[in-house]
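Since the structure of chain G is already known, use the hints to place chain U on it.
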Amino acid sequence: MNGFIPVENSNPLTAVRGLLRQLLESGLVDAVFVPMEVDGGVTVPALVADVDQLEHANPLVPAMSINSARVVAAMTGKEAPAALGVVLHPCELRALIELVKLQQASLDNMILISMDCAGTYEWTDFTAMQRAGELNLADYLGAATQGRAHNGHELRQACQMCTQPVPEGVNIHLQLFGADLASGIPVTLDDRLAEVLNIGAVDELPTANRQAVIEPLLAQRQQTRQKELAAMQERINANGGLFDVFATCIRCYNCSTACPLCYCKTCLFCTSAFGHPPEHYLNAARRKGAMRLPADTMLFHLTRMNHMGLSCVSCGMCTSACPSDIPVGVVFSLIGGQVQESFGYHPGANLEEPLPLITFQADEWVEIGERR
Amino acid sequence: MSDTNGFEPRIVAFLCNWCTYTGADLAGTSRLQYPPNVRIIRTMCSGAVDPVYALKPLLDGVDGVLIGGCHPGDCHYQTGNYKARRRYVALQQILKTAGLDDQRVWLRWISASEGQIFADTITEMVTALKDLGPNPLRQNWAV
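Chains as they are written, first to last, in numbering that gives the first Met the number 0: chain G, 0 to 371; chain U, 0 to 142.
Be aware that a few hints might be false.
Stated by the list, open to error - Below, simulated EDC-like cross-link-like pairs (lysine to aspartate or glutamate); rule was C-alpha separation at most 16 angstroms, straight line:
| # | chain 1 | residue 1 | chain 2 | residue 2 |
| --- | --- | --- | --- | --- |
| 1 | G | 100 | G | 352 |
| 2 | U | 129 | U | 7 |
| 3 | U | 95 | G | 233 |
| 4 | U | 95 | G | 340 |
| 5 | G | 77 | G | 107 |
| 6 | G | 287 | U | 59 |
| 7 | U | 55 | U | 100 |
| 8 | U | 129 | U | 100 |
| 9 | U | 55 | U | 101 |
It is worth saying that the hints were derived from the structure and are not from the lab.
Chain G extracted, bound-state conformation:
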């Protein structure tokens, strides 16, 4: 159903907080997961059980400290113990869908809330701007509804090349693109929710402005994406492989920690599987003349590409987390994207599409394995 969330005093944030409050007060959900303001407007995700705390909620800020899919998975497990309202960016939503398919999370009793996403700033840029009082929410939203960044800082690279800024398959979708937020927030939501939340139906939402924002935005993002991916492929080819890209990796594991999909409780690379008896190192060094340490750095990244690449939702948190400024996310978007294409797989699109590596067709790639 389509409708408008009424906005008073030209303050859409108050309206969104009111909506979350209603969700919680009505008993539709037992708690709301949403970014909350701490320390002068910087936001961190939190699970809110007390309605009064929701006055600090702010899901409209242009930043994400983490991709929240994994913490949402932690709160639901395979069977959610409570009904949760969960506010996510579109890329977090896609990651959550993947985690459900990987049997790490459940959407049971969950009310998913998302919005058109104009993109997010690097966390450090955002916190600096916010603390310096340079980030005016009205300005950002004004620019965001036009699908662009509003001031000096550039959006995260992953956001600049994001071609899926509009969430799919949510229960409440705030349609910010092209909206006049001073008068009301256009929203598409489930009928049962509209009733409880007292949102009256309108025949249709004004789509002209929205399309006028979305079409050029997607075109521009697609162009940036292709440019970045082509540049990465060129860099790989020119340097005899990926080694150059990961040459400065310090093996901090930030990329896998920040990755919403790298869910193993104990990563293979943090176990003794790759531990060796002391004499191994000298032998290995003698074999190749030298041995990079910590060992198996390229193996770590290539293994992650094999394990996670098919589910990669291009959120780019790995790039944001990398202290060596390695564009990990671009590599994953390039390599993961190509593998996804070979399997015709769209990570995070829906629950019905099975994970490519747990299914098969008997009559596919039949030439593989046969003698030539």
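This is chain U only, laid out in the frame that chain G set:
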């Protein structure tokens, strides 16, 4: 030909217990001759061969990796080999895009009765790898 330089490729083979490993065993008990360039590791199923098993020896400088499993439809665990095939497709694509050599990892279906085919496969692989030359990663310490 690198052959004349005395280059002998080293192959690590992950063979499924039920088919290819038994096929290799048959090659041995049948006294079939094949090049001694292969080190065999027995796995319970080709579907149990994680890509990391293939990547580790490759990055350490091994010249070829062979994954051997039952013919499609014959998997002891019903579908393990089909899943191995999908993982292999992904691995090959990743190796290729990453600028690494996708010709060094082979997947072959060889049954328990195909001792001769196992011997032939190793012979073919050794020839192909000799043509390809040594794995350049054998010289690359910074991996």
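Going through the hints against the structure:
1. Note on residue 100 (chain G) and residue 352 (chain G): the hinted pairing holds, with a Cα-Cα distance of about 9 angstroms set against a maximum of 16 angstroms.
2. Note on residue 129 (chain U) and residue 7 (chain U): the hinted pairing holds, with a Cα-Cα distance of about 7 angstroms set against a maximum of 16 angstroms.
3. Annotation: proposed proximity of residue 95 (chain U) to residue 233 (chain G) holds, straight-line Cα distance about 13 angstroms (limit 16 angstroms).
4. Taking the CA atoms of residue 95 (chain U) and residue 340 (chain G), the gap is near 14 angstroms; set against the 16 angstroms cutoff, the hint holds.
5. Annotation: proposed proximity of residue 77 (chain G) to residue 107 (chain G) holds, straight-line Cα distance about 9 angstroms (limit 16 angstroms).
6. Proposed proximity of residue 287 (chain G) and residue 59 (chain U) is supported: the alpha carbons are some 9 angstroms apart, at most 16 angstroms.
7. Between residue 55 (chain U) and residue 100 (chain U) the CA atoms are separated by roughly 14 angstroms; this keeps the pair inside 16 angstroms, and the hint holds.
8. Among the hinted pairs, residue 129 (chain U) with residue 100 (chain U) is consistent with the structure: their alpha-carbon atoms are about 14 angstroms apart, no more than 16 angstroms.
9. Proximity of residue 55 (chain U) to residue 101 (chain U) is assessed by CA-CA distance (about 14 angstroms); at most 16 angstroms being required, the pair is judged to hold.
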